[in-house]
Amino acid sequence: MPARFRLTEGGRIDRSKPISFTFNGKVYQGFEGDTLASALLANGVHLVGRSFKYHRPRGIMSAGAEEANALIQVGEGARTDPNLRATQIELVDGLKAASQNCWPSVEFDVSIVNNIASRLIPSGFYYKTFMWPASLWMTYEKIIRNAAGLGKAPEGPDPDSYDKTFAHCDVLVVGAGPTGLAAALSAGRSGARVILSEQDATLGGSLLSEPDLQIDGQPALEWVAAARAELEGLDNVRILTRTQTYGYFDHNFIGLMENLTDHLPQSAKPPKLPRHRLWKLRAKQVVIATGAIERPLVFSDNDRPGIMLASACRTYLNRFGVKPGSKAVVFTNNDGAYAAALDMHKAGIQIAAIVDLRAYAEGPLTEQARDAGLRILDGHAITATAGDKRVKAVQVTRLSDDGESAKAVGEHIECDLVAVSGGWNPTVHLHSQSRGKILFDETYACFVPGDSAQASTTAGACSGSFGLGACLSQGHDAGLAAAKAAGVKSRKKGSAPQAEDPNAPGGADRDFLPARWLWLVPGDKPLGHGGKHFVDVQNDVTAADLHLALREGYRSIEHVKRYTTTGMGTDQGKTSNVNAIAIVSQYFGCPIPDVGVTTFRPPYTPVTFGVFAGRDIGDLLDPARKTPMHALHEHAGATFEDVGQWKRPWYFPHEGEDMHQAVNREVRACRESLGVMDASTLGKIDIQGKDAAEFLNRVYTNAWLKLKVGACRYGLMLGENGMVMDDGVTSRLGENHFLMTTTSGNAAPVLAHLEEYLQTEWPELEVYLTSVTEQFATVSIAGPNARKLLAELTDDIDLSAEAFPFMTWRNGRVAGIPARVFRISFTGDLSYEINVPASYGAALWQAVMTTGEKYAITPYGTEAMHVLRAEKGFIIVGQDTDGSVTPIDLGMDWIVSKTKDFVGRRSLYRSDMDKPDRKQLVGLLTDAPDTVLPEGAQLVEKIESGPTMAMVGHVTSSYHSPNCERSIAMALIKGGRARMGQKLYSPQADGKVITCSVSDVVFYDKEGERTRG
Amino acid sequence: MLEIKCPYCGPRFETEFSYGGEAHIERPKDSENLSDEQWGEYVFMNSNTKGVFLERWVHTSGCRRWFNVARDTVSYQILAVYETGTKAPKLDLRKDV
Ligand SMILES: [Zn+2]
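From first to last, the protein sequence lines are chains A and B.
Count along the first sequence from 1, add 138, and you get the number used in this note's numbering.
Count along the second sequence from 1, add 2, and you get the number used in this note's numbering.
Treat the hints with caution; some may be incorrect.
Stated by the list, open to error - Quick list of in silico lysine-lysine cross-link-like pairs, DSSO-like style, CA-CA up to 27 Å:
1) A:K1036 <-> B:K31
2) A:K1112 <-> A:K1144
3) A:K407 <-> A:K155
4) A:K627 <-> B:K7
5) A:K1038 <-> B:K31
6) B:K52 <-> A:K575
7) B:K92 <-> A:K422
8) A:K828 <-> B:K31
9) A:K164 <-> A:K422
10) B:K89 <-> B:K31
11) A:K663 <-> A:K530
12) B:K7 <-> A:K622
13) B:K7 <-> A:K302
14) B:K7 <-> A:K422
15) A:K1036 <-> A:K844
16) A:K527 <-> A:K164
17) A:K155 <-> A:K234
18) A:K527 <-> A:K465
None of these hints come from the bench; they were simulated from the model.
Small disclaimer: the values here were computed from a predicted structure and weren't measured.
Pulled out of the complex, with its shape left as it was, chain B reads as follows (with noise of 0.2 Å):
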């Protein structure tokens, strides 16, 4: 179980939040303009990364607030945590545990 430190509340167990798939895809302000596989591509596809992947996740059973999480998919380490609008901050890839 994953402990997720929410910029808001501190450190929680995952039992608490909600995941909301992949960060950083913002919904289409012109969707007339798009095809049907561009809208298709935003509403359907997230990326599947191996690695340090940017995601979303809500505190659900705590402060009901949507952030951001870099985590690796394969060690499951979270390199960081950071605020809903907010660009990722710069991480050490090297860094361990």
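This is chain A alone, in the form it adopts within the complex (with noise of 0.2 Å):
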């Protein structure tokens, strides 16, 4: 059975397919082609929301993207999506919908008290109420979060998948109205590739609602039909529909959010296409056709469902075929408005008035009306409504001859719908998201596009030019000369379509008006005393929210904007901001283009956060980097930590071990027998050319130039303002040629820093540098037994202290692999580290390991590694350093150069590294030998009875170490190296207070004799 209010026959609807949903948990029906707004309204829903502050009934008020009340929750679950506009979701067959910021229910709402109490809900509440002491807005905040708030979250993580794309083009049409449809033609017909965009699931724009245009000579939608197949029938031509352009950003990059599957029902949605999916476009020129919204009216208590936009009026019945109520009262302030009427009177709804502000009714379409023998009241003005979850009256009064005041008592008139109109303001969205200027247009009192500050144009009622023809032919123009602008050789150009409206004397080309603007309607009462003149809806702002803003002072209507929240919802002010500036302007007495234009941004309609995230989530976030070895360790059971995107063991726990357990035997071991560590992700740099040596020498603190071949060197390298940046050892492998290793995190950063000093600083240098991290594996081994292995791995390396050296590096077969082999140490003990090429990592990783037995090789993660080097003082860069410790302060004046120029070395003498008091790395103990000291943990000279205590410094490093059998701990302490023996005190955060003492940064063979051996 069809719905009570949808007509019998017309609209775009197909009354062949029924589409059952639900609303508030009640079953309703629609057709294919309805939007959830009009299917409700076709079983007489107008109620379908309560408003944000004062929870007031609220209806559908427009038929778009303009919608500020009707704000939906559609879906439950983890599938929901909150604040969609009922006028923009596709009704399909299963959609589970309903209000939000309503409690228990629509129908009947607790807070509607905050109605009642409006006075106690002034503009700038929250700001008010932000200045009352914190712990007061703490309990208001809650208990208005709990009341208002817009919609809900999901309750699991989103089950859809979205993508994203990047696409370029030479003309992007934005809009598929009449203007975008000839500006695609043209366009497309030149050979342009086109990308034509369309909110709307069906092209046509505002033709959808026009019952009897023609457009050469057949009805407008027939053309329409024609104009799509032959764009599809363009290989360069691209047609999103249900595509939102939602932003214009720099160069013409463009951000478009395409609905490829909310349409269908579960069931019916292709298992693999995304919901969404996000366009990343580049177009070389773009033509905007966003066409124009209507302005609604600000007069008292204009907010009660049943009150809507005279457009929207035609759009449910044109369109969807739907009566939006019975009895109507149209109000408005211009000719265009009389269309409704005529349209809703020939559909059998009631008229009971024409109320109008103009002081003599007239223009074409008044005439018809007129004509038609409809009831005008022109000179007034409706002053009050009545009806609660639906308007049921209207007051109209006569209005005094400057539209101020309304005079003496008026007519009471029953009406279940109020069609407004104040004229219409051009969707400059995009144009001025793009920074192109906004004009104020003082015939159609409204803004209007400036110039453009890109290579876009605009066309059609976006740039204020409301009549079809001139539509038309702007769409054609723009088309054609965007396609040239791009660089495209036309290859025809053919003519602009041709509009005729057999209804109307002033031809397709009329526009709405003649109109009067007044833009505070007056009510039956002194604004603000009973009665609400809503400007914005969304957000509840009325016209005496504005004037008490200017009485407190704000000017800037920037400001206004924001102390009053008025076009700050999510419709972002799309029918509101005029209004708002317009009311401003008068209160002033100033041109409203003295009070400029608040900025729009992007996005025109929210975006769902999907489609940002695309398919980078879960697992695909951020690569994770694995060794050669990966495998091997999880098998044998290791803990992993992320360093960067690497993943390196952590420890090995062996079964019924903790973490300390395990990495004090890993420790223990290091220094017993043999250890061995997988350290393939150090940052590798491949050096080569013939001043190579050089260049290390102006990057590196310390000397080079006269390293042998065959050798390593520590270095330290600094930023431009002495501060360390990186460590790590370097290997001459040939004249021309080292090898610079990195830290782990730092090895992409570091190869950047070289390459700018090399390609910006020094071009001169003859040096190329190429990372080779995953070229390489790198197991490292250490421990008293570490030569005795790899003795036995190897039979071509001569490994006698004498031969091989601390510091140097040969080249030779291990486990019959061929390989590099470092003598270097991170732990302080005997240690090679065995380079081989990546691919032979695992297998060099399992000979250590077999081989290894017999000395009880134990397998040690990051942070064994860690107590091992802090044992010996060795600095961990980001760890003992934050990017505000020079060598200096570390201690470490051995390793800085007085000869040479290196990058950061100016730095070092400014006068500011003088001071005593710069902080400097030292070791602390505590007193209590089994207290380890927290990282992070601040120091103070003594304790103080309040909260504040003048701090001396903090800790870096700190470890139960069972090789001192005893907590160390490394800290970068003010004047810290003349305080050696120092007591230090260390308040927690439970109040206790641990207490040590400056020590040495050396905890362990401090001489270096195990090192070297």
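Got two chains here, separate frames each, mind docking them using the hints?
Following this line, the structure appears as structure tokens:
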């Protein structure tokens, strides 16, 4: 059975395809082609939500993207979206929609008390509340958030998939109304690569709501169908429907969100198709043909369900075959709205009156209404409305000549629909986002696009040309011009489509004038004393709120906007901004352009978060880098930690061991017998060229020219500000060939740093840098038995201390694999780092493990490595340094050359560097040897009673050292080296205080005999 | 998002590049003779130009090469792209878009 308010014929819906859906749990029927809004109206449902602040009953006010009231929650559980506009939700079988912002139900809402108490919620409410004591705000905030809030977040991870794609085109046409279609046709015919984007499911734009217009001698929608067929036949044209062009960014970069499956029932969604797709489009030229949005009038209690835009009434009638009411009052300030009166009259809706703010109603449509015998009350205004969940009557009163006040007692007119028109606003959002200028047009009283800032044009209603004929010819010209500007040599031209309006004496080029601009319609009572003149219905901002803000001294429209929150809802004030600006200008008695226009920002309508994430979620969020031995570590039961993108073994627990026990065992093994670590993640940069040594000499603090082939050297790298940036060992492989190592997480920044100096400061140096991190696998063996093990694995390297001393490297075969063996040590024990081609990494690891069994070889992870190096006082850049630490602060003067220049050198001689209270790296020993200081803990000289104590530094590294049999820590302490032996205190969050004394930073084997032996 | 024409690879999205601050600032060769203030000027201070600014970019996710760009900091329009070590070309500053 068709719904009560559905016409038996007409409209672009398919009555043979009924669709069942629920709204607030109740089942309704609609048809294919409906939106949720049109289907609800067909069933007589006007009340769809409660307002944000006052919880007033609200209905559907528009038929498009500008909808500010009918915000709907669709779906449930993990698959739910809040804040969708009922006017843009395509009806789909099984759709579950619900009101939001109401409790317990939309019919009975507890928070309606806010409405009664509205004098307590003035403009700037939030700001004023913030000024109260913070403790109070916490209380209020909770209550406010519970009572209000827009919609619910999904309850689980999004089960749908989303995609992103890049695209390029010659001409992007935004909007497939008459203007956009004409532009796409002319640009497409000329051979340009065109993308035509349309937010609606179908093409036609405003033509979908027009019953009588003709284009090129055929009904407008037949012309649309022909245009679509032609465009689809062109290989160089792509049509994107259900696609919101949400943002216009720099250099003609455009963001579009394509909706691929929301209009399909769950069972019919192709499983591999993403739900939404983000188009990252670079267009050579953009034609903005986004049309215009009708403006409401600001009058007393203008927010009741059943009060809608006049053009929306026409859309519901003509496009959806729905009567938005039975008895209508049309309230207008212009001739254009009479089309709604005429259409509704024709469809059998009783027109109780046309209330016209103009002193004398005139114009081509007005005359038709007069001829049709409709009752026109010109020089009148609606000064009050009645009805709770639906408008049921209006008070119509004669205006004073100046329009500032209403005279005497008005007439009470019953109705269930008020069709409102306050003129039209070109949809200049994209033009404004592109930083194009916005001008005020006095004739149409609206903001229109001025000069473009980028390679774009506006055409049609969006540019302030409201007649269909003008739209078609402008669109045609804009498409041609854009194709030409994009460098396309036209194949053929064709002529602009011609429009006719058989019913209108003014022809198809009529606009909505004449009009009278009366921005604030007087009410029965003075402003702010009963009756609310809503400017922004979504954020519940009234004209009285604006006046209050102005009385409180706000002047800039941007400040007024933020203070009152007008235009700051999810609709971004599409229907409210111009009214707000005009009311401010009227208050000050200045012209509207002097008030200025607020900035339009992306997105035009809200965009799903999912499309920005796309496929980059879960495991695909960030690459995981694994060494060639990773599977072996997993098999050995390693626990991993992230180092940059690397997965590194953290420790290798035996059964029943906790981390502490495992790390202690690993650390001891390295000192007592033999440990093995996967060091493949160390950054490796291959440096070649005749100036390679000179280059190293400039980027490291120490000297490199005389390093012998076969030798290795530790280097410290600074930024030009003198602060430590990285460290590592670099080896001379040949006269003009070096291999640099960097810290694992820092390889890419170091390479970039080196490239920058090489290319921009020293282009005369012949040096080539190549990242070889992933070309080699590194197995590091450490401990007293390291040499014995290596001897069993190689027969072509002389391992004697004389032939292969500390800080040298040798070529040879290890376990039959070609290898470079570096005798370097980060543990402070006898240690070799064996580098082999990455593909041999696992084989080498296995050989080392098998051969090492007799030495109880123990794989160790990053934690044990950290303890081992801390026992020796070796720094980790990024842990013991933080970008504000110089080599001098670290006590590493020995590595800083006094005789050559290097990056950062001059900064070390700035007067600031001599300050005695610079933080210096020292060791800390706790009084209680078992207490381990937390890393990051602050240190003070004495404990004060209050919460503020002068801090002298902080702990950078702290561990239990099994070899020292106590805790050890490294710390950056003001003037630390002059404090040896001094007691310092570390107050903890739990109120306890850890007492410690300053020590040397080397805790174990101070002479370094173990390393060199 | 800017579109930057790498002199070696062609036009690419901004996300492939890294910014390198003001161009044509040479690292002082005689830093010893500079006062702290002069050296600090080199290390820490860049112009904050409103209008055409000569700046450095590197094609991080591409050819890894540095080059210079003349960009209008108000309109974000890129007026010229030129190689490191060469002078900025003469710019027609009246040119639109
Ligand atoms: Zn490149």
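*Straight-line Cα separation of K627 (chain A) and K7 (chain B) no greater than 27 Å?*
holds (24 Å)
*27 Å Cα cutoff - pair K407 (chain A), K155 (chain A)*: Holds. K407 (chain A) to K155 (chain A) sits at ~18 Å (cutoff 27 Å).
_With the threshold set at 27 Å, check whether the alpha-carbon distance from K828 (chain A) to K31 (chain B) stays at or below it._
The hint holds at about 22 Å.
_Can you confirm whether the C-alpha distance between K155 (chain A) and K234 (chain A) stays at or below 27 Å?_
Holds, at roughly 18 Å.
*asked:* Check whether the Cα positions of K1036 (chain A) and K31 (chain B) lie no farther apart than 27 Å.
replied: holds (16 Å)
_With the threshold set at 27 Å, check whether the alpha-carbon distance from K7 (chain B) to K302 (chain A) stays at or below it._
Status holds; Cα separation ~23 Å.
*Is the hinted pair K1112 (chain A) and K1144 (chain A) satisfied, with a Cα-Cα distance of at most 27 Å?*
holds (24 Å)
_Would the hint linking K89 (chain B) and K31 (chain B) be met if the CA-CA limit is 27 Å?_
Roughly 20 Å between the alpha carbons, so the hint for K89 (chain B) and K31 (chain B) holds.
_Pair hint K52 (chain B) and K575 (chain A), alpha-carbon separation not exceeding 27 Å_ = Roughly 19 Å separates the two Cα atoms, so the pair holds.
_Agreement of K1038 (chain A) and K31 (chain B) with the hint, judged by alpha carbon distance not exceeding 27 Å_ = holds (12 Å)
_Hint check: K92 (chain B) vs K422 (chain A), CA-CA at most 27 Å. Holds or violated?_
Holds, at about 25 Å.
_Between the alpha carbons of K164 (chain A) and K422 (chain A), is the straight-line distance 27 Å or under?_
Since the Cα atoms of K164 (chain A) and K422 (chain A) sit roughly 49 Å apart, the hinted pair is violated (cutoff 27 Å).
Taken one by one, the earlier hints fail for this structure only at number 9.
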